[in-house]
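Taking the hints into account, I'd like the entire structure generated from these sequences.
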Amino acid sequence: MHAVEVNRIVKSYADKVAVDDLSFSVAQNEIFGLIGPNGAGKTTTIRMMMDIIKPDFGQIAIFGEKLSESSKNKLGYLPEERGLYRKLRVIDSIIYLASLKGMEKHSAEVKADELLNKTGMLSNKNKKIEDLSRGMSQIIQFIVTIIHDPELVILDEPFSGLDPVNTELLKQMLLDLRNQGKAVILSTHQMNQVEELCDRILMINNGHAVLYGNLKEIKTKYRSNSIIIDFEGELGQVLGVTEKRTHKGYVKLILDGNTTPKQVLERLVSTGIVINRFEVAMPSLNEIFLKVVGKNHE
Amino acid sequence: MNKTLLIFRHEFLHTIKRTGFIILTLALPVLALLGIGVFQIVSEINKPPTEVIRIGYVDEAGGFDQFTTQGNITLVRFDTPEAATQALNKKDIKEYFIIPPDFISTGIISRYTAQRELTLPAATTAVIKNFIVSNLLAGKVPMNTIAKVEAPLNLVTTTLTSTGAVAPQQGGFGNFIIPGIFSLLLMFAIIFSSIYVLQSLSEEKENRLMEILLSSVSTRQLLTGKVLGLGAAGLVQVIVWVISFPLLLKLASSSIGGIISTIQLPASFLVFGVVYFILGFSVFAVLSASVAAISPTVQEAQGLSSIYTLFAIAPFWFLSLILLFPNNPVWVVFSIFPFTAPVLVMLRLGLTGVPVWQLIVSIAVLSLSIVGGMLLAAKLLRTYILMYGKRPNFKEIIGNVKRG
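Same order as they appear, the protein sequences are chains D and X. For reference, each letter of the first sequence is one residue, going 301 to 598 in the working numbering. For reference, each letter of the second sequence is one residue, going 813 to 1216 in the working numbering.
Some hints here could point you the wrong way.
Stated by the list, open to error - Calculated cross-link-like contacts (lysine-lysine; reagent style DSBU-like; alpha-carbon spacing at most 35 Å): (1) D:K366 x X:K1207; (2) X:K941 x D:K316; (3) X:K952 x X:K941; (4) D:K411 x X:K829; (5) D:K427 x X:K829.
Claimed, not checked - Restraint ranges, calculated between C-beta atoms of paired labels, are given here: (6) D:D476 x X:L838: 46 to 54 Å; (7) X:I1125 x D:G364: 30 to 38 Å; (8) X:I1125 x D:V410: 30 to 38 Å; (9) X:I1125 x D:E369: 46 to 54 Å.
Treat the hints as calculated values from the structure; they're not laboratory data. Note that beta-carbon positions come from the ideal geometry of N, C-alpha and C, so glycine has one too.
Below is the structure:
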């Protein structure tokens, strides 16, 4: 059974169509990237999945059924627009929000201590939220999202505002969640984070799906016929190479349509140069996005 | 635990621990205590003088020489106006008056005083009137008749019920004081409690907490938990005020006395008090929730709320007219209009009573408004709670509510 099954959903506002005929599924035990530029329709899609807003058309099933009050407890959600009770203490905020997810007070306290300790926030347990930095508040919000051990975790732009140390901490915790068999949906416009973490992706633009599937397969599909080499010696003309682009520390060779990287490697070895690095050039997700959408987005 | 109950408990405990709530709850009894204290100080300073006041007069008409002592005022006769003026300048007398020779035909009496006055002092007028009447009648009618002319009647009124029995509530200001004060407390409680709803929801919207909450609970659960929790906090406030009331009343009657000791409070009044608090608070709470839903910031929500809270205060603006004409058709209409009904009905109950049909219609309209308001608030909350930035205009709101 899929964690999420979205079938042809449409959502329009007065002046625009935010999501148009979108379908996808998210399996358990995977990190799924929901990517696209700002305003692409990612947050609207998530809000419909969370039953915060209703789709005009289409169906959404969470663990095989329509989201109900009880099944909301299986979900952990970190929205893009997030906040906490500024006047409440950290521990009180966590326990109250955990109780709304069906947790008993005592088990929420034990789990909160464990997660605060894991994130290095235990010393801030009794501080008021307003006394924390933005990054610290964000860690607390992440704790609130996962404290009740949800089966599906949905994170909307989770890395924005985090410093590199906390970003790494969060990434590791997301990988841990996947390894525990949870489904994680990561919505972001930061493509580099997606490349690092996601197993499959859905790329949307202007409410439409533009790319959907396994990340490796997508990258393979969109790779250009080129290789990257670092070598010592003189590189002369190589049969099948149409262009040489020199970068700092490496050279990119663009191949013609009939030549494979293996053939080029054999020809380079036969020239007698010393090869320190040889790899098939894969496009970044950002490059793929630009290629697909054709606009200059981040 | 049920999620609505969890929200109820959180809102209730969170609110009653707030410094602002504690200050406000204690402020009213403290202010009342201060009021009693100020009353005592002022009445001590302004105690009616016990020393004898001397008022001069010049009798040019003749025959006005008896009844010169009226309570603590003594009338001192002078032969000429000059002599009276001299005595006034020396402060031997407070003022003087001249009864001219043609007084019997004109009725004119000239009064002279060293102090500027806003109006003619009632005590002086009464003394001069009694002095003139008594002297004019002296020897012509018996003394008893003179006394009756001075104070002709002592009207004692008894209100009867439809069966002709003596009514348990006899009316009067004594009867109105507690309902009046209770209505005032009700007004404060309704306004403050609905402001808590407004603040709580708009803070959650401004703090971006709303989406996190709605990922765990429905708008209906959120709204119900909040309205009940904050309503209960408002009720705590009312209870504190009501408990402190008998103590304050005891203090006040020992220092103010008089009218306070005549106070009567019908039992049905307290029942209606509770009913109208619950209904009044609920109708203002759902309105506050709707306003919080469409307002991007707490400040903007508070600005809008000041408009509709005027309805709760309105009956006190027209208090003098309500006191004079408690059963005027205008007040009947406003006793049914849901935003003015709670306070106005309580005021009228204390004054003359309210016909049963009006109570039934008023409670029915309030109940329907609460149900309708709750549905509207839930819809607005769902539509607008995740919209930040500019507040939508009325046309957009109507359009979105219709679209659902």
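Hints, one by one, checked against the model:
Proposed proximity of D:K366 and X:K1207 is supported: the alpha carbons are some 33 Å apart, at most 35 Å. Distance restraint check for X:K941 and D:K316: the Cα-Cα separation of roughly 86 Å exceeds the 35 Å cut-off, and the hinted pair is therefore not satisfied. Among the hinted pairs, X:K952 with X:K941 is consistent with the structure: their alpha-carbon atoms are about 18 Å apart, no more than 35 Å. Taking the CA atoms of D:K411 and X:K829, the gap is near 26 Å; set against the 35 Å cutoff, the hint holds.
Taking the CA atoms of D:K427 and X:K829, the gap is near 17 Å; set against the 35 Å cutoff, the hint holds. Hint check: D:D476 to X:L838, Cβ distance near 51 Å, so the stated range 46 to 54 Å holds. The hint said 30 to 38 Å for the Cβ distance between X:I1125 and D:G364, and at roughly 55 Å that hint is violated. At roughly 50 Å, the beta carbons of X:I1125 and D:V410 sit outside the given window of 30 to 38 Å.
The hinted window of 46 to 54 Å between X:I1125 and D:E369 is violated, with their beta carbons roughly 39 Å apart.
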